[in-house]
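*Asks:* As a plain string of letters, each chain reads:
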Amino acid sequence: MTALGTPPRIAAKQRPGDRVFAGSAVLAGSLILATLALVAAFLVIQSVPAVTVPADQLSILGGDTFLEYVVPLVFGTVWAALIALVLAVPVSLGIALFISHYAPRRLAEGLGYVIDLLAAVPSVVFGLWGGNVLAPAIQPVYTWLWENLSFIPLFAGPPSGTGRTVLTAGIVLAVMILPIITALCREVFLQTPVLHEEAALALGATRWEMIRMTVLPFGRPGIISAVMLGLGRALGETMAVAMVLSATGVITVNLISSINPSTIAANIALSFPEAYGDNVSVLIATGLVLFAITLVVNAIARVVVNRRKDFSGAN
Amino acid sequence: MNITRASGFTALIAASAIVLSGCAANETGGAAPEETEGAPSLEGTLVGAGASSQQSAQEAWVAAFQDANPDVTVEYDPSGSGAGRDTFIAGGSAFAGSDRAFNDEEIAAGEFGRCVPESGIVEIPAYVSPIAVIFNLEGVDSLNLDPATIAGIFAGTITNWNDEAIASQNEGVELPDLAITPVHRADDSGTTENFTGYLFEAAGDVWTAEPDGVWPFESGEAAQGTSGVVDAVTNGTGTIGYADASRAGDLGTVAVKVGDEYVPFSPEAAAAVVDASPFVEGRTEGDLAIELDRATDASGVYPVVLVSYLIGCVEYQDAADAELVSAYFSYIISEEGQQAAAEAAGSAPISDTLRERATAAVELIG
Amino acid sequence: MTATTAIRTDESNSFASGRLPRAAPWWVLAACLAASAAVFALLGAGAPIAEFNIVGTVFIGMVAYTIVIVAIARLVEGQRRATDRFVTTLVTLAFVIALLPLISLVFTVITNGLPRFDLEFFTYSMRSIVGEGGGAIHAIVGTLLMTGTAAVISIPIGLMASIYLVEYGRGRLARAITFFVDVMTGIPSIVAGLFAYAVFSALLGPGERLGLAGAMALAVLMIPVVVRSSEEMLRLVPNELREAAFALGVPKWLMIVKVVLPTSIAGITTGIMLSIARVIGETAPLLIAAGFTNNLNYDLTEGRMQSLPVFVYTSYVAQGTDAQAYLDRAWAGALTLILIVMLLNLIARLVARQFAPKLGR
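Taken in sequence, the protein lines are chains A, B and C. Heads up, the first sequence is in this note's numbering, so the first residue is 1 and it goes up one at a time. Heads up, the second sequence is in this note's numbering, so the first residue is 316 and it goes up one at a time. Heads up, the third sequence is in this note's numbering, so the first residue is 682 and it goes up one at a time.
Derived by calculation from the structure, the hints in this document are not laboratory data. We treat Cβ as the ideally placed atom computed from N, Cα and C, and that holds for glycine. Keep in mind that the hints are not guaranteed to be accurate.
Facing chain B, according to a computed beta carbon distance under 7 angstroms, are these residues of chain A, among others [stated by the list, open to error]: (1) N132; (2) G161; (3) A242; (4) T248.
Just so you have them, the derived chain C footprint on chain A, three or more residues with Cβ under 8 angstroms [unchecked claim]: (5) 31–43; (6) 279–293.
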């Protein structure tokens, strides 16, 4: 707190309640670190055989080295998450603003609840819905895109006969992370100091100008947090991707064909049941790689957030 | 306000208490314990894990076995063949279900958690299921295809339904000018291993990839699990895939060329190929691993089958395990057991000759 | 302005002041949809009415509306208001777009789930049941127990950790926690399952699968979501409130409990509900850590435990010869799961409202 930071420091009286509370807060924080250290240690120890055992003894690699095995997966993971983010972030911001600043107040709460409903849908159901409802419904669009826009590499085709492409998986992921991003952004937007908003309006700003000048700058760190949470889910989502995506393990930016890159999490789910012995280590090692990806992505996001800290309430 | 809040919480607690204290209506003390004439009644929990392909069959076996022995609970964890074998090796389960038998190296390495060291294992091909080649083509219910054509379709060299290779074998069938979308399993599976094994052995000049649980090519459409493949084939047009025959439903199926005739899948034809195949050499008495002869010319045989094994110890460290496993396995290979699986999972009942060998193997368990 | 537009009647007043009448957007919308419908009807003239392209009509209509309303607003109201109208349209559209998959999903789940949404489904387990019949009481109990345990573990830890980060945390430990919590959000759910399985295998012997392991896997997934969302909400509490409390001589811990937490309780509840919703539908980790069973099990520390997502997944994956019975059970399970989360959400909101201070909003 700013009050505590001022130079002639007066030591506050240490009450037992304070000590217990602060102690348990530190304990909780350290517990999280300990858990994470345990998970990381588990991942590292279990992945060792993936590198030390000769590649020809690991049937899962199919003759490739571990690196050749994991690179398409990394690409697919990042690619699918990227598609999901590109689709979900603008829509979620729009919904959050709609609920917090556009919809009539009485309606807004109900609408928020409706969007939260999406968060309640288990990933298996997203998988079933994506594979059996969305994919057939969207397949004609892919054919159309291929017929008219195939000069763009994204739509190079040939279009999948069933619609179970990486774009479909991206849409399903987008729908899955939408409620996460929306719910957090909505809460953040609602916390914008009313005085700021009213000041902007009083100066003659339109609603959008008010939002741009007060709500968005105030909410920026919160928005980034929300997006990171969504990204975490998109990167790590297992079952829905496994059930929707027609994954064949290649690197391609083609969005509409049946030949798609797989994702790390989906690949673990698909290969784990039949994996045995050291092959399991290979899969866990890919999990470690995903871990590393998240680390990098988060480090970047941290830098971005720290640069724009000015509006946080507790600065 | 405090009162309403308190009553709200009370109602909540009461509601959850009802949910949490209730028993499942079908689990109250076992269904009327019938004392069968002096037979020593079994009790305890038997844990197995492994192949998900066996799950429907295991459900039927477990149900019937538990009805006969109300004090027994059998848990079959359909975690997958690989996971099942690993669990069995680690001693986490008393028996395993697996889409392939243990190979020689694994047996030589020899540590099986619940077995008496060096006592050996029992492997019984108790679940035999035909793999149907299914397709979705309007107005066509069945096609005749030889192994080379099937291999060509799935390898991506035959790409249109009106291709000469398909048309020449199916005179009188109107084949549309439509792209073929081959659908294969996205996951590592015993079904894929058996299917690619068949293509490799029966059409080796077209299909050059070694049999493997993972699809060897980067072409075609991938879908998760049998259900995923069936759904993808059903929802698409011009699709073709392979799946457990019991799941073929209304989809068109392929009659496969064996020798000079085209054989549609049937349980009998599938069981026949198991009988026509030799056991793996150099195994112990209880180890009935089969070397499937998929390139066979024998008449009336459907060579695209999935054989899934039950794996247990010859000698258990815990006598209770031995008793339960032995009783459970003998029920599974019995005529009633195989019939129950055929009804619930569409599998092919094993033949009497195989049953004799299997019974002898189960009797070793102690 | 007075020179060009003379004020004549009340109606024209809105135009005179450079504003569109309130109903104008609705009229434009209706006109655009009608025009688009007419275009599609002409294009498909002669085709049966069933082939009328509703999606295309709405899509083109909405695009046309956006262009027309922005153009009109720009002419009448000027650039700034035109931008405002444009954003309003986009924001509303975003909401409508999000509703499409939601409606489609809910419709799919309800139509498929209702046939087996009966008493037997809530009173039977799957023990000794082949083909038709049976229920999911074992899965419901397992889901409630495991998710409940996970929540009991992770909500206090997560909440205290976020309090530490916002109110106490300085220096390296705080920075490390923030960073690694972010990393934790990226743990693939299946890896969390493998981790819990490995821990309990090491503790209790190989191949051990139990409800507690499932709960632990879920807790690992849940904690980062709780921390991240609560941290964000706590940070938004204005410093003036804290300083006011300090100025009155309130101890810090009491300030946190009585001022900071109640102010942000709505947001924190939303975050916690999100985290529960996130883990209650997890399949892969539970399949590995808690295993699969057809029997009812109340004991978290002994024996496998079924959960609703695993129930749905396995029913779908391993359909027997009577496939429809399995599919019906799967969808009924999905419907149940969604209803449970909805109910929890509703309760949480009511509780949050009880504690939240009355704000101006």
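*Asks:* Would you mind marking each hint as holding or not holding in the structure?
*Replies:* Tested hints:
1. N132: Constraint on N132/A satisfied, holds at 6 angstroms.
2. G161: This interface hint holds because 3 angstroms falls under the 7 angstroms limit.
3. A242: Hint on A242/A: holds, closest Cβ of chain B at ~5 angstroms, below 7 angstroms.
4. T248: Since chain B brings a Cβ to about 5 angstroms from T248/A, closer than 7 angstroms, the hint holds.
5. 31–43: Satisfied; 9 residues make the cut.
6. 279–293: holds (count 5)
In the structure shown, no violation is registered for any of the earlier numbered hints.
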